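Engineer: Starting from the structure of chain A, add chain B where the hints point.
Here the protein sequences line up with chains A and B, keeping their order.
Throughout, this note's numbering is defined as the position within the first sequence, counted from one, plus 107.
Throughout, this note's numbering is defined as the position within the second sequence, counted from one, plus 1.
A few of these clues could be false.
Mimicking BS3-like on lysine-lysine, the simulated pairs with C-alpha atoms at most 27 Å apart in a straight line are [unchecked claim]:
1) A:K468 with B:K441
2) B:K247 with B:K320
3) B:K16 with A:K463
4) B:K16 with A:K468
5) A:K568 with A:K604
6) A:K224 with B:K247
7) B:K247 with B:K235
8) B:K441 with A:K156
9) A:K175 with B:K320
10) A:K568 with B:K320
11) A:K294 with B:K16
12) A:K230 with B:K81
Covered by chain B, per the in silico footprint, the following chain A stretches (three or more residues, Cβ under 8 Å) [as the list claims (entries may be wrong)]:
13) 143 to 157
14) 234 to 247
15) 526 to 538
Since the hints were derived computationally from the structure, they do not count as laboratory data.
This one's a predicted model, so the numbers in the text were calculated from it and none came from an experiment.
Note that CB positions come from ideal geometry on N, CA and C, so glycine has one too.
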Amino acid sequence: LFQCSVKKVNGQEIGLNNNSKNKMSQEAVNGVPCRGKVLTVENMNPNVKRVEYAVRGPIVQRAVQIEKELREGVKKPFTEVIKANIGDAQAMGQRPITFFRQVLALCSYPELLEDNKFPEDAKQRARRILDACGGHSIGAYSASQGIECIRQDVARYIEKRDGGISSSPDNIYLSTGASDAIVTILKLLVCGEGRDRTGVMISIPQYPLYSAALADLAAVQINYYLDEDNCWSLNVAELKRALNEAKQHCKPRVLCIINPGNPTVGQVQSRQCIEDVIRFAKEEHLFLMADEVYQDNVYAEGCKFHSFKKVLFEMGPEYSSTVEMASFHSTSKCYMGECGFRGGYMEVINMDPEVKAQLTKLVSVRLCPPVPGQALLDLVVNPPQPDEPSYTSFMKERTAVLAALAEKARLTEEIFNTVPGITCNPVQGAMYTFPRITLPPKAIDKAKAEGKVPDMFYCMKLLEEEGICLVPGSGFGQKDGTFHFRMTILPPTEKLKVVLQKIRDFHLRFTNEFS
Amino acid sequence: MSVLQEISSDVRNMKQMENFVLFRRTNEIKEELRRGVRKSYREVIDVSWGDPHRAGVKPLSFVRQVLAACLYPELMDGDKLMVDVKQRAQRLLGTCAGGSVGSYCATAGIPQILQSISQYIMRRDGGVPCHPENIYISPGSQWALTNILKVLVNSEASPRTGVLIPVPCHSTTIISLTTLGAVAVPYYLREERGWALEMEELQRALDSAKGVCNPVALYMINPGNPAGYVQSRKSIQEVIRFAAEKKLFLLADEVYQDCVYGKESEFVSYKRALAEIGAPLSDSVELASFHTASKGLMGECGLRTGYVELVNLDPAVMKHINNLFSTNSCPILGQIALDVMVNPPQPGDPSYPLYLKETQHIRASLAQNVRRVEEVINSFPDFSCQPLEGGAFAFPRLFLPPKAIERAKEAGLQPDTFYCLRLLEEAGVLFSPGTEYGQKEGTYHIRFCIMTPTDTMEEILRRLSAFHEQFMKEFS
Numbered sequence: 108l109f110q111c112s113v114k115k116v117n118g119q120e121i122g123l124n125n126n127s128k129n130k131m132s133q134e135a136v137n138g139v140p141c142r143g144k145v146l147t148v149e150n151m152n153p154n155v156k157r158v159e160y161a162v163r164g165p166i167v168q169r170a171v172q173i174e175k176e177l178r179e180g181v182k183k184p185f186t187e188v189i190k191a192n193i194g195d196a197q198a199m200g201q202r203p204i205t206f207f208r209q210v211l212a213l214c215s216y217p218e219l220l221e222d223n224k225f226p227e228d229a230k231q232r233a234r235r236i237l238d239a240c241g242g243h244s245i246g247a248y249s250a251s252q253g254i255e256c257i258r259q260d261v262a263r264y265i266e267k268r269d270g271g272i273s274s275s276p277d278n279i280y281l282s283t284g285a286s287d288a289i290v291t292i293l294k295l296l297v298c299g300e301g302r303d304r305t306g307v308m309i310s311i312p313q314y315p316l317y318s319a320a321l322a323d324l325a326a327v328q329i330n331y332y333l334d335e336d337n338c339w340s341l342n343v344a345e346l347k348r349a350l351n352e353a354k355q356h357c358k359p360r361v362l363c364i365i366n367p368g369n370p371t372v373g374q375v376q377s378r379q380c381i382e383d384v385i386r387f388a389k390e391e392h393l394f395l396m397a398d399e400v401y402q403d404n405v406y407a408e409g410c411k412f413h414s415f416k417k418v419l420f421e422m423g424p425e426y427s428s429t430v431e432m433a434s435f436h437s438t439s440k441c442y443m444g445e446c447g448f449r450g451g452y453m454e455v456i457n458m459d460p461e462v463k464a465q466l467t468k469l470v471s472v473r474l475c476p477p478v479p480g481q482a483l484l485d486l487v488v489n490p491p492q493p494d495e496p497s498y499t500s501f502m503k504e505r506t507a508v509l510a511a512l513a514e515k516a517r518l519t520e521e522i523f524n525t526v527p528g529i530t531c532n533p534v535q536g537a538m539y540t541f542p543r544i545t546l547p548p549k550a551i552d553k554a555k556a557e558g559k560v561p562d563m564f565y566c567m568k569l570l571e572e573e574g575i576c577l578v579p580g581s582g583f584g585q586k587d588g589t590f591h592f593r594m595t596i597l598p599p600t601e602k603l604k605v606v607l608q609k610i611r612d613f614h615l616r617f618t619n620e621f622s
Numbered sequence: 002m003s004v005l006q007e008i009s010s011d012v013r014n015m016k017q018m019e020n021f022v023l024f025r026r027t028n029e030i031k032e033e034l035r036r037g038v039r040k041s042y043r044e045v046i047d048v049s050w051g052d053p054h055r056a057g058v059k060p061l062s063f064v065r066q067v068l069a070a071c072l073y074p075e076l077m078d079g080d081k082l083m084v085d086v087k088q089r090a091q092r093l094l095g096t097c098a099g100g101s102v103g104s105y106c107a108t109a110g111i112p113q114i115l116q117s118i119s120q121y122i123m124r125r126d127g128g129v130p131c132h133p134e135n136i137y138i139s140p141g142s143q144w145a146l147t148n149i150l151k152v153l154v155n156s157e158a159s160p161r162t163g164v165l166i167p168v169p170c171h172s173t174t175i176i177s178l179t180t181l182g183a184v185a186v187p188y189y190l191r192e193e194r195g196w197a198l199e200m201e202e203l204q205r206a207l208d209s210a211k212g213v214c215n216p217v218a219l220y221m222i223n224p225g226n227p228a229g230y231v232q233s234r235k236s237i238q239e240v241i242r243f244a245a246e247k248k249l250f251l252l253a254d255e256v257y258q259d260c261v262y263g264k265e266s267e268f269v270s271y272k273r274a275l276a277e278i279g280a281p282l283s284d285s286v287e288l289a290s291f292h293t294a295s296k297g298l299m300g301e302c303g304l305r306t307g308y309v310e311l312v313n314l315d316p317a318v319m320k321h322i323n324n325l326f327s328t329n330s331c332p333i334l335g336q337i338a339l340d341v342m343v344n345p346p347q348p349g350d351p352s353y354p355l356y357l358k359e360t361q362h363i364r365a366s367l368a369q370n371v372r373r374v375e376e377v378i379n380s381f382p383d384f385s386c387q388p389l390e391g392g393a394f395a396f397p398r399l400f401l402p403p404k405a406i407e408r409a410k411e412a413g414l415q416p417d418t419f420y421c422l423r424l425l426e427e428a429g430v431l432f433s434p435g436t437e438y439g440q441k442e443g444t445y446h447i448r449f450c451i452m453t454p455t456d457t458m459e460e461i462l463r464r465l466s467a468f469h470e471q472f473m474k475e476f477s
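Isolated chain A (complex conformation) (with noise of 0.2 Å):
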């Protein structure tokens, strides 16, 4: 049966054991002889192959196995898997916030207007809403680039969390995920072919969504390190040391970066470093996307969120109307947490007019984003204000979640460090701890030996012995010899210490049974 696939990290191949076996179909390894597929393993896409998304990789794969298992009354040493892979609030029981609810819950049955249990400001936002959807229903096709107050909306916030920078609602789409919006940025800029074909720059550890789009864009992928020891902050030598690498067998033409950071921790940016990286950007004609999803979840004293796009500006016309960028927000993260309505939008700047006609061309094909995502967008960026009838209630729960997050990620830092073994970086922001770890190097070899990759052995184990799953650092790419795990920090604060607790008492184990 086939295992995980194989994978290319940092240019080195973890192979494993099926890798001739890839070339055969099931059936044929099976000495079945095949009944003349016309779609095979051999003939499919092979851009197709190379697509992982470790988020919902083997790991979590083997997790949905176990819970099933646990379903049907096998005994296990823990009652239910805890689900740390992945970054879903609610699923940890996070609350919705009531008021985006009420608005949503107006818009879908509209005669609920006529109940006076709905507070006056969500019923006129869901008016609002209404009167621009067609056919006055969530449930008709919108403009694909969203609906257009919508985006007026978006461009207001915008320019109030930039401190009046403008922004106009023609350059704002809006998307179902803020990953879509990445792809389709991906999708338009890579071209080329051979020595030519567009290089990407990515961070590592990255999101796999990018990875997963570059593979399946057969882009060129370009690895550039966060600093481990200084709380992974970026720098510029190390920028330059990727690209001049990359020169060398692609066109590299495209810089993401996710500030705050994922997996790591939420950190965020100095203001020096965004704008040197802004500069290194203009030198070298990259155009920067600036995945900002976690924009709202920064809670670490001293730290701040600066949107690339307000630094730009702030730099002078010099870069401001000529550097090329793309920023995503999204609704599934911060406060929200509403993952579930996939609702994003993406706002791009100084792009060339013709180059945005071919986006919004290319964004029409996809018809529309999901209308409830859009109206749910509408209200993040258009929050009960301090003269309304719920800004009380909304002002409560928003800080409520904040600083259930802060104190969650306050918990983690302090339980991690006092493991030997396990290494934690402050948790800045973010819903992620992303703790290097430790292994004996009798693990190393014994996960080799199994052809598995050594912090993939590592989580295995500890989701087989108690139900964590977590995700390896190798699904986030990692430096050489280093290994690391990603875990939310969303499980409720109870819970969450015992997950903790569990984790410190596995890697104590661990360490020891390999020593």
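Structural biologist: What follows is chain B alone, placed relative to chain A:
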């Protein structure tokens, strides 16, 4: 100098949708009307999309009540909602992680809903087995189709991958295909025979691909879009045998399967027809069948949710398909709507009477519209409409006078686009031109959605008739 002078050639070469010029003008006209500019109409009737709600059809109450209850469970305290609405909402919330529609779901979709869908498919197909592991829910059926095409189309292959597509065919599929680097190989449906699919034509199309590309798949739309045909069981089985013989992967776009109204017509799924042929074909012919929450009586286009059922695929390929689908999650609300679609209220349920009333109304309106459209269009000598059997559109043929064609060419427009622009300008009705979908050289068509309230359709036909007479006179 812009960094982006170079962009993907696939994107650059993507054909701009013909409708684009019409949409742009529509927005301008709407703006003019808002500003009080006088026209012979007070609002634009937009029936260029397969979008019933946009055209004025009301959403089904049951599904919207369930959605509202899932979004804001507090609604279930008290007596505003019927018991079956609450039960359904509670059951579905129980299938969501953390009991919330705000969570992500498993790669292929919420498992219990996949289960419901597979049971629906089995019922629909008279008991032919359906395995939930072969179903993937996606943000719209087009999304799923693009993913499957991605797997099939090897853009680096030489010769390039080819996919047989019908003419006429809805435009987004053609664009998706070509953007992925595949070659669209057209096979022409026979308009005069009710848009029948003729096997000789399929063979001719396949032969035409020799030396041009490597055809690997055959894409069919049943019931049709834009043309309103419903394929017979016999025809479907012929196509299946053809695909088996010529080693083609079958892509069956069946999103209009709930929109069948022709008196002699019956929807038979490709899967069912395949099963009825029996072994060895039924165990080997590879098929992907697409459905959606956007069409049919629910018409929830804005929720963006559809699914694909994969039949007889190589398990090794399925693993890669799984990876591909794992990178973007499907909206939860749409999945809830899907559950209602495949499991609507039943007789005896408290919500059933209203559900029945609403659905009967939509069906009756549709039947009436079909009758009226055929009647009115066929009353004109230079306008003809094949019998409408299924789907959501009329796709009548326009016999344009040479002067009109000439004028269109002068304006740099396709003749049917020219007609549609004039119709929009003068009558405030937005149709789409046949050029958008492909048509036999020298023929012209227009497409419009017929899932509208009956009085809207009457208004459309009134405006269309008046315009058409005028237009034909002008260019006689």
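Engineer: Each hint: holds or not?
Structural biologist: Results for each hint:
About 26 Å separates the Cα atoms of A:K468 and B:K441, which keeps this hinted pair within 27 Å; it holds. Taking the CA atoms of B:K247 and B:K320, the gap is about 25 Å. The hint holds against a cut of 27 Å. Proposed proximity of B:K16 and A:K463 is supported: the alpha carbons are some 15 Å apart, at most 27 Å. Note on B:K16 and A:K468: the hinted pairing holds, with a Cα-Cα distance of about 9 Å set against a maximum of 27 Å.
Among the hinted pairs, A:K568 with A:K604 is consistent with the structure: their alpha-carbon atoms are about 20 Å apart, no more than 27 Å. A C-alpha spacing of about 63 Å is found between A:K224 and B:K247, which places the hinted pair above 27 Å, so the restraint is violated. Of the pairs offered as hints, the one joining B:K247 and B:K235 holds, with about 18 Å between alpha carbons and a cut-off of 27 Å not exceeded. Straight-line distance between C-alpha atoms of B:K441 and A:K156 comes to about 39 Å, which puts the hinted pair past the 27 Å bound.
Distance check on the hinted pair: A:K175 and B:K320 sit about 19 Å apart at the alpha-carbon level, within 27 Å; holds. For the given pair, A:K568 sits about 23 Å from B:K320 by alpha-carbon distance, which is consistent with the 27 Å threshold. With a C-alpha separation of about 16 Å, the suggested pair A:K294 and B:K16 falls inside the 27 Å cut-off, and the hint holds. For the hint linking A:K230 to B:K81, the alpha-carbon distance of about 18 Å falls within 27 Å, and the restraint holds.
For the segment 143 to 157 of chain A, the proposed coverage by chain B is satisfied: 13 residues have a C-beta within less than 8 Å of a C-beta in that chain, meeting the threshold of three. As drawn, the segment 234 to 247 of chain A meets chain B at 7 residues by the rule of a beta-carbon pair under 8 Å; at three or more, the given contact holds. Counting residues of the segment 526 to 538 of chain A whose beta-carbon sits less than 8 Å from any beta-carbon of chain B gives 0, not enough to reach three: the coverage restraint is violated.
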